[in-house]
Amino acid sequence: MGLVETFQRKAAKLGLFPKLIRLLPIFSLITTIISIILLLILPLDGQYRRTYISENALMPSQAYSYFRESEWNILRGYRTQLQSFSNNSNFEDISNQFAQKITTSEERFRTIESWLNEFGVKTSIYRNNATGDTLYGILHAPRGDGTEAMALCVPWKNSNGNLNIGGTALGIALTRYFSRWPIWSKNIVIVFSENPKQALRAWVEAYHTSLDLTGGSIEAAIVLDYPSVNDFFDYTEIHYNGLNGELPNLDLVNIAVSITQHEGMKVSLHNLLKDEVDENNYWSRLKLILLGIKDSTLAGVRKVHGNEAFSGWRIQSITLKACGDSGNIDITTFGRITEAMFRSVNNLLEKFHQSFFFYILLTPKNFVSISSYLPSAVLLSIAYALASINSILNTNISFNSLLAFPMTLVQIVSIHDKTSMSKIQIKNMLFLLVSNPFISILIFTTIFESENFKGLEVFPALISAWKDLNCWSWFILCVSWWPTWLLTVFSTMTTIPIPIVTNDSEDIEIKKDK
Amino acid sequence: MIYSKVFTGLTLSILVFQKVHSLESLDTEINSYEYVTTQTEEDVTNSSIFGALNCATTTDSLSSTKAAEQKYVDFEEVLHKTDNHENIPGILTNYPVTYPYTEKMNLRPLPNNHLLISFIFDMSSEPFYPNKNALDSGQYSHYTVFPKIIKPLLELTSTRQFQLRFTRGYWDSETWGALPYNGFKSGGSGVELWATIEATSKETAYEKWKTLANYLSGHFCASINFIDNSKTSFPQYTFGSFFNGKEERIPLFDQKRENTDLYVLHASLANEPVCTENLTPLIKFLPARGKTGISSYLDGHKVFDSIWHSVSIDVDTFCEREDGQCQYKMEANVDMVIHVPNTLERFENPIPKPVAGDKLKCDLSKPYDIYECFPLSESTDTNFSLSQLFNKTIKGCNNFIKEPTTICVQTTNEWDITLKVIEDGQKDSFFGTPDNCFELVSSKEYDLIIDTHNSQNVTLIDEVPIYVSRSLTGYGQDHGGLRTLLRNPSETPVKIIFYESLPWFMRLYLSTLTVESTDPSINRDTIMESMYYSPAKDREKPAHIEFLLEIPPLTTVTFSYQFDKTLLQFAEYPPDANHGFEIEAAIITIVSPKLYQLRTSTLLLLLSTPDFSMPYNVIIITSTVMGLIFGVMFNLLVKRVVTLEEADKILVERSIKYKLLVLKQHVLRKIGLTS
Chain E
1 MGLVETFQRK AAKLGLFPKL IRLLPIFSLI TTIISIILLL ILPLDGQYRR TYISENALMP
61 SQAYSYFRES EWNILRGYRT QLQSFSNNSN FEDISNQFAQ KITTSEERFR TIESWLNEFG
121 VKTSIYRNNA TGDTLYGILH APRGDGTEAM ALCVPWKNSN GNLNIGGTAL GIALTRYFSR
181 WPIWSKNIVI VFSENPKQAL RAWVEAYHTS LDLTGGSIEA AIVLDYPSVN DFFDYTEIHY
241 NGLNGELPNL DLVNIAVSIT QHEGMKVSLH NLLKDEVDEN NYWSRLKLIL LGIKDSTLAG
301 VRKVHGNEAF SGWRIQSITL KACGDSGNID ITTFGRITEA MFRSVNNLLE KFHQSFFFYI
361 LLTPKNFVSI SSYLPSAVLL SIAYALASIN SILNTNISFN SLLAFPMTLV QIVSIHDKTS
421 MSKIQIKNML FLLVSNPFIS ILIFTTIFES ENFKGLEVFP ALISAWKDLN CWSWFILCVS
481 WWPTWLLTVF STMTTIPIPI VTNDSEDIEI KKDK
Chain F
1 MIYSKVFTGL TLSILVFQKV HSLESLDTEI NSYEYVTTQT EEDVTNSSIF GALNCATTTD
61 SLSSTKAAEQ KYVDFEEVLH KTDNHENIPG ILTNYPVTYP YTEKMNLRPL PNNHLLISFI
121 FDMSSEPFYP NKNALDSGQY SHYTVFPKII KPLLELTSTR QFQLRFTRGY WDSETWGALP
181 YNGFKSGGSG VELWATIEAT SKETAYEKWK TLANYLSGHF CASINFIDNS KTSFPQYTFG
241 SFFNGKEERI PLFDQKRENT DLYVLHASLA NEPVCTENLT PLIKFLPARG KTGISSYLDG
301 HKVFDSIWHS VSIDVDTFCE REDGQCQYKM EANVDMVIHV PNTLERFENP IPKPVAGDKL
361 KCDLSKPYDI YECFPLSEST DTNFSLSQLF NKTIKGCNNF IKEPTTICVQ TTNEWDITLK
421 VIEDGQKDSF FGTPDNCFEL VSSKEYDLII DTHNSQNVTL IDEVPIYVSR SLTGYGQDHG
481 GLRTLLRNPS ETPVKIIFYE SLPWFMRLYL STLTVESTDP SINRDTIMES MYYSPAKDRE
541 KPAHIEFLLE IPPLTTVTFS YQFDKTLLQF AEYPPDANHG FEIEAAIITI VSPKLYQLRT
601 STLLLLLSTP DFSMPYNVII ITSTVMGLIF GVMFNLLVKR VVTLEEADKI LVERSIKYKL
661 LVLKQHVLRK IGLTS
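These protein sequence lines map, in sequence, to chains E and F.
According to full-length UniProt numbering, the first sequence holds residues 1 to 514 in order.
According to full-length UniProt numbering, the second sequence holds residues 1 to 675 in order.
Keep in mind that a hint or two might mislead.
Not close to chain F: a few residues of chain E, all C-beta gaps over 12 Å, as computed [claimed, not checked]:
| no. | residue |
| --- | --- |
| 1 | R68 |
| 2 | E449 |
| 3 | I476 |
Restricting the straight-line Cα-Cα distance to at most 20 Å, the calculated cross-link-like pairs of lysine to any residue (SDA-like) are [as the list claims (entries may be wrong)]:
| no. | chain 1 | residue 1 | chain 2 | residue 2 |
| --- | --- | --- | --- | --- |
| 4 | F | K361 | E | E263 |
| 5 | F | K302 | F | T473 |
| 6 | F | K359 | E | K122 |
| 7 | F | K366 | E | R110 |
| 8 | F | K353 | E | L291 |
| 9 | F | K353 | E | G324 |
| 10 | E | K122 | F | I120 |
| 11 | F | K359 | E | R110 |
| 12 | E | K274 | E | H353 |
| 13 | F | K361 | E | F475 |
Because the hints were derived from the structure by calculation, they are not lab data.
C-beta: ideal position from N, C-alpha, C; glycine also.
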C-alpha cells in the first residue's frame with residue numbers, strides 16, 4: 001500500500017491526473033493501435049499452434065471407412081430418383097407456382113420417407129407453414145439407450161439456392177449404410193429441410209420444444225452440401241462459424257479437417273479458392289484470421305450454410321460443402337468424411353468439452369486460442385472504455401464499435417475559434433455520416449462482401465437473421481449504437497456559439513471544453 | 001460380510017461330479033412313438049446311458065443324493081404337443097424324480113424380419129412354514145433347484161418379492177406391438193429393482209432394502225449398490241397391491257410384532273450398461289447351468305448382440321391360506337429381439353462391408369446398370385435355423401424337470417417350422433407339429449428350422465393400448481422442461497397410472513404442470529383422477545409423482561412441467577461429469593382395458609458442469625482477492641488517518657537522521673554544551 005500511496009502522492013504533486021485525463025483520446029488511440037499490432041503479430045511463426053485432437057476418444061480415421069464400392073451404385077440409384085423431383089420443381093413458371101411447389105415437396109417427402117422406412121428409420125414430418133416442412137428420421141441405436149444423437153442434415157436447397165441433390169442422395173445412402181452397422185451407441189437423426197436457414201432453424205427449435213418423435217440430445221450435427229449431380233468434385237469447404245459468435249468445439253473442426261485431408265481432399269475455410277488453400281505464409285494466415293473474424297461477425301447475415309441453425313443448444317455443428325464440378329475426388333469420399341466423423345463422435349462418452357470453444361484458425365491445421373488473441377481483443381475494448389471515460393470526463397462523446405471509431409474523432413466545436421469552426425463542422429458531418437450504424441455497415445459490406453450483398457441487400461439480411469435465426473448480436477449492436485449515435489448528433493448540433501459575456505467566462509468555457 | 005456369504009454360497013454350489021451307481025440296473029423299456037424313425041434297440045439304449053451321464057453332471061449335487069431311488073430309463077427323442085403332456089409316451093419310469101423347474105423357449109417372428117426370442121425359466125423352493133423353525137417342525141428342508149443364494153437373502157431382508165430388470169435397447173412398439181408379457185417383465189433402459197419388504201417402519205424397510213440391493217449388486221455384478229435414499233422411492237399405486245391385489249396373498253411372517261407392514265420400494269439406475277457379467281450369475285442359478293436345454297443358448301455374445309434385450313428375475317412368495325405353508329418361486333426371463341438378416345450376415349461377414357457388385361439386389365423397375373442400382377427392399381424369403389442364429393444346436397436333456405423343455409414358435413401358417421433331431425452316425429430326422437410347439441425329451445442334439453416365403457405375414461401384433469414419448473425441452477443450463485406425450489390410438493378410454501421418480505437436482509415446479517391435448521375440452525382437471533406427489537429433498541429423496549389418468553379415445557395428451565437445474569457440489573459430479581445425468585424412465589401402468597406396463601425412454605440431463613481444471617485457478621484468484629480485501633480492510637481499521645502535513649511531520653520525525661539529531665541534542669544538553 002505504501003508504494004501505491006507514494007505514487008499517488010507523486011502523481012498528485014505533479015498534477016498528472018488532469019494531464020492523463022486530457023490525454024485519454026490519445027491513449028484510446030494508442031491502445032487501438034497496439035491491439036491491431038497484437039492481432040498482426042498472431043500470424044507470425046511461433047505465435048500460433050498446430051491443432052491437435054484433445055479428446056482422445058475421438059480417434060478420427062482410425063477405423064477403415066467402408067462407404068465405397070457398391071454403395072456408390074446405390075447412391076447413384078437414389079440420385080437418379082431424386083433428379084426426377086428436381087425436374088418437377090423446374091415448372092416454377094407455371095401459373096399456380098405455390099401449389100406446385102407444395103405438392104412436389106410433399107411428394108418428395110413421402111417418397112423419401114418410404115425409402116427410409118425400408119431400413120427401419122422412424123420418420124416424421126415437422127409441419128411449419130411459415131418456413132416449410134421438414135422431414136426427419138431417427139435411426140435408433142441398437143441396444144443403445146437413446147439419450148444421445150448425432151444429426152445429419154441435408155437441406156434441399158443449399159446456401160446458394162441450388163438444389164442439393166447430391167447431398168440428399170448421399171444422406172439417404174449413408175443412412176441406409178449406417179442401418180447395417182451394429183456399432184452405433186448414439187441415435188442417428190437425419191433431417192431433410194427445405195433450406196439451410198429458417199426451415200432448419202425452425203426444426204431445431206421444434207426439436208427442443210414440441211416435436212413428438214425425438215431421439216435424445218444431439219451431440220453433433222453435420223450439414224451436407226453437395227449441389228452438383230456429378231460423381232466427382234474438387235475440394236471440400238468446411239464452414240463452422242455459428243450465430244452470435246458461437247463456434248463449434250475445436251475438436252469437431254479438427255476431426256473434420258483431419259478426416260477430409262486423410263481422404264485426400266483439400267480443405268478450404270472461409271470460401272478460400274482452391275489455389276489459395278495450400279498457401280501458408282504470413283499474409284495467407286493473416287488473411288484467414290481476418291476472414292474468420294469477418295465470417296463470425298456476419299454469421300447469419302450472409303449466406304447461411306446450415307450449421308448456424310444449431311447454435312445455442314450446445315450442439316457442435318459444421319457444414320461440409322463439396323466444391324467444384326470436376327476433379328478426381330468421388331462422391332463416396334465425401335460420404336466417408338461423414339461416416340468417419342460419425343464414428344468418431346459415436347466414440348464419445350461425454351459431450352464435447354475437451355478442446356477450445358474460442359479460437360481463430362490460421363490454416364486448417366493451425367490455430368490461435370483465446371489466450372493468444374485475448375490481449376488484442378481486450379485492448380480494443382479498453383480503447384472504447386477509455387474513449388467513453390474521456391467523453392464523460394472531458395464532455396466529449398462516446399462510441400462503441402470499431403465501425404463507430406470515426407465518431408470519436410467528432411470534435412466539439414470550439415466557440416471562440418471561428419475560423420476553424422466551419423471546417424470542423426464539415427469534418428463532424430463526415431464523421432457522423434460514416435459512423436451511422438446503418439451507413440457504416442453498408443459501407444463495410446459493399447467493400448468486403450460485395451459478392452454477397454448488392455446494394456442495400458444487407459438490411460433485409462439483417463432483419464431475416466434476427467427473425468429467422470434468432471441472431472441477436474446484431475440487434476443488440478444496433479440498438480446500443482443507434483441511440484449513442486443520435487446523442488452524438490444531438491450534442492454536436494447544440495454546440496452553437498453562445499454569446500460571450502466576459503473574457504473571464506470565456507476562459508472558463510474553453511477550459512471546460514478541453 | 002455380505003461378500004463372504006456370497007462366496008460361501010458359490011463354493012457350495014460348485015458341482016461335484018458323482019458317479020451314478022445305478023447305471024447297471026437300468027430297466028430298459030422302449031416305447032416307440034409314431035413320429036420316430038426306425039432305430040435299433042441297442043443304439044437307443046447306448047445313447048440313453050450317455051444322456052443319463054450328461055444329465056448327472058449338470059444337475060445339482062443333490063440330485064445324486066436321491067440317485068439311489070432314481071431309475072434311469074430310456075427316453076426316446078419324442079415330440080409332443082404341449083396340451084397332452086399328462087401322458088407322455090416317451091418317458092417310462094417307475095418313480096420319476098422331478099424337480100419344480102420348467103424351461104421354455106418362445107420364438108415369435110415380428111414384422112420386418114425381426115424375431116423375438118424369449119427364454120422362460122421357472123423354479124420354486126420346497127414348501128416351508130414361515131413361522132415355524134425348521135428344528136421345531138422336525139422337517140428336513142432342502143433347496144433343490146431353487147437357487148441357494150436367494151432363500152437366505154429373502155429371509156435376511158424379510159423380502160417377500162423382488163423384481164430385478166436389466167433392459168437395453170429400443171422396443172419399436174409401433175411395428176412390433178405390445179411388449180412381451182404385457183410389459184411386466186421388462187424395465188426401463190438400465191437396471192431396475194423393486195421389492196416388497198416386510199418391516200416395522202419405512203426406515204427399517206429402507207435398511208433391509210439397502211442390504212438387499214448390496215447383496216444383489218455383488219451377486220449380479222451390477223452397480224445396484226449405488227441405489228441409495230436419493231434414488232429410492234416408495235411407489236403408491238404402480239407396484240404391489242393396488243391393481244392386482246397381490247398383498248392379500250402375502251401374509252406377514254413376523255406376527256409377534258404388531259406394527260409390521262409390507263413396503264414396496266423401487267429404484268432404477270438409468271442406462272446402466274447391461275452385459276455378460278449380469279447374465280452369467282443368472283445362468284448359474286439354473287439347474288442346467290447353461291450346459292443343456294435351452295439355457296445353453298444364453299450366450300452373452302448372442303443375447304447382448306440383439307437390438308433389444310431384457311433380463312428379468314422375479315422372486316415371489318406364495319402362501320396357502322389354510323395351513324400357512326409357503327413357497328418361494330423364481331421366474332427368470334430373457335427376451336431379445338434380433339434382426340434376422342443382419343444377424344445371419346454377421347456370420348458370413350463380420351464387418352458389414354459393401355455387398356459385392358454382382359450380389360446387389362436392384363429394383364428392376366427403376367434405372368439400373370453396372371454403375372447404378374436402386375436397392376430392393378429386404379427379401380421376405382427367409383430360411384434360417386436356430387443353430388445359425390446361436391452358432392450351436394440345443395442339447396436336449398434336463399430329464400429331472402417336471403415338464404420337458406419346450407420350444408414354441410408363435411406364427412402364422414405361412415411359416416414352416418421343423419424340428420431337426422441330429423443323431424450320431426445316422427440320418428437326421430425332421431418333425432413338425434400343427435401348433436409349432438416341440439418338446440425336447442432326449443439328450444440328442446436338436447435344431448429348429450424356420451422357413452417362410454413371406455416373412456411379413458406374422459401373427460397379428462398385440463395392440464399397444466398407449467403410445468408414449470418423453471423428451472427434455474428448453475434452452476440453456478439454468479432451467480428446462482419435461483414433456484410427456486401420451487397417445488391413445490384405440491377407441492376405448494384408457495386408464496393409466498403414471499409413475500415418475502425424478503432426481504433431486506431437477507428442482508421440479510409442479511405448479512407449472514400444463515396439460516395440452518388434441519381435444520380442446522380436455523384440461524388438467526378432466527383427465528387427472530388423482531395425483532400423488534412427494535417433493536424431493538436435496539441429496540435425500542427423489543421427487544416422486546404418480547398420476548391416475550384417463551385418456552379419452554383417439555386423443556393425444558401432453559403434459560409438461562418446468563424445473564430448475566441445480567449446481568452440484570464439487571464431489572457430487574461423477575468422473576464423466578460432462579456426459580450428463582441419466583434420468584430414469586417413467587413407468588406407465590395401464591389398468592384398463594387391459595393390464596399393461598410400459599416405460600418411456602430415459603433422458604440425459606445436462607447440468608452446468610465446472611471445468612475441473614478450474615478449481616486451481618479459482619483457489620488462486622479467490623485467495624488473491626481475499627488477500628487484497630483483507631489488506632485494505634486491515635489498513636483502514638488499524639491505520640490513523642492524518643492530513644498530508646501531519647504525515648510529512650511524522651515521517652520526518654521517524655527518520656533516523658532526525659532521531660540522531662535529537663539524540664545529539666539530548667547528549668549535548670546532558671553534558672551542558674548547549675543552553
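Outcome of the hint check:
| no. | hint | in the structure |
| --- | --- | --- |
| 1 | R68 | violated (6 Å) |
| 2 | E449 | holds (30 Å) |
| 3 | I476 | holds (17 Å) |
| 4 | F/K361 / E/E263 | violated (29 Å) |
| 5 | F/K302 / F/T473 | violated (37 Å) |
| 6 | F/K359 / E/K122 | violated (27 Å) |
| 7 | F/K366 / E/R110 | holds (18 Å) |
| 8 | F/K353 / E/L291 | violated (41 Å) |
| 9 | F/K353 / E/G324 | violated (29 Å) |
| 10 | E/K122 / F/I120 | violated (31 Å) |
| 11 | F/K359 / E/R110 | violated (29 Å) |
| 12 | E/K274 / E/H353 | violated (32 Å) |
| 13 | F/K361 / E/F475 | violated (55 Å) |
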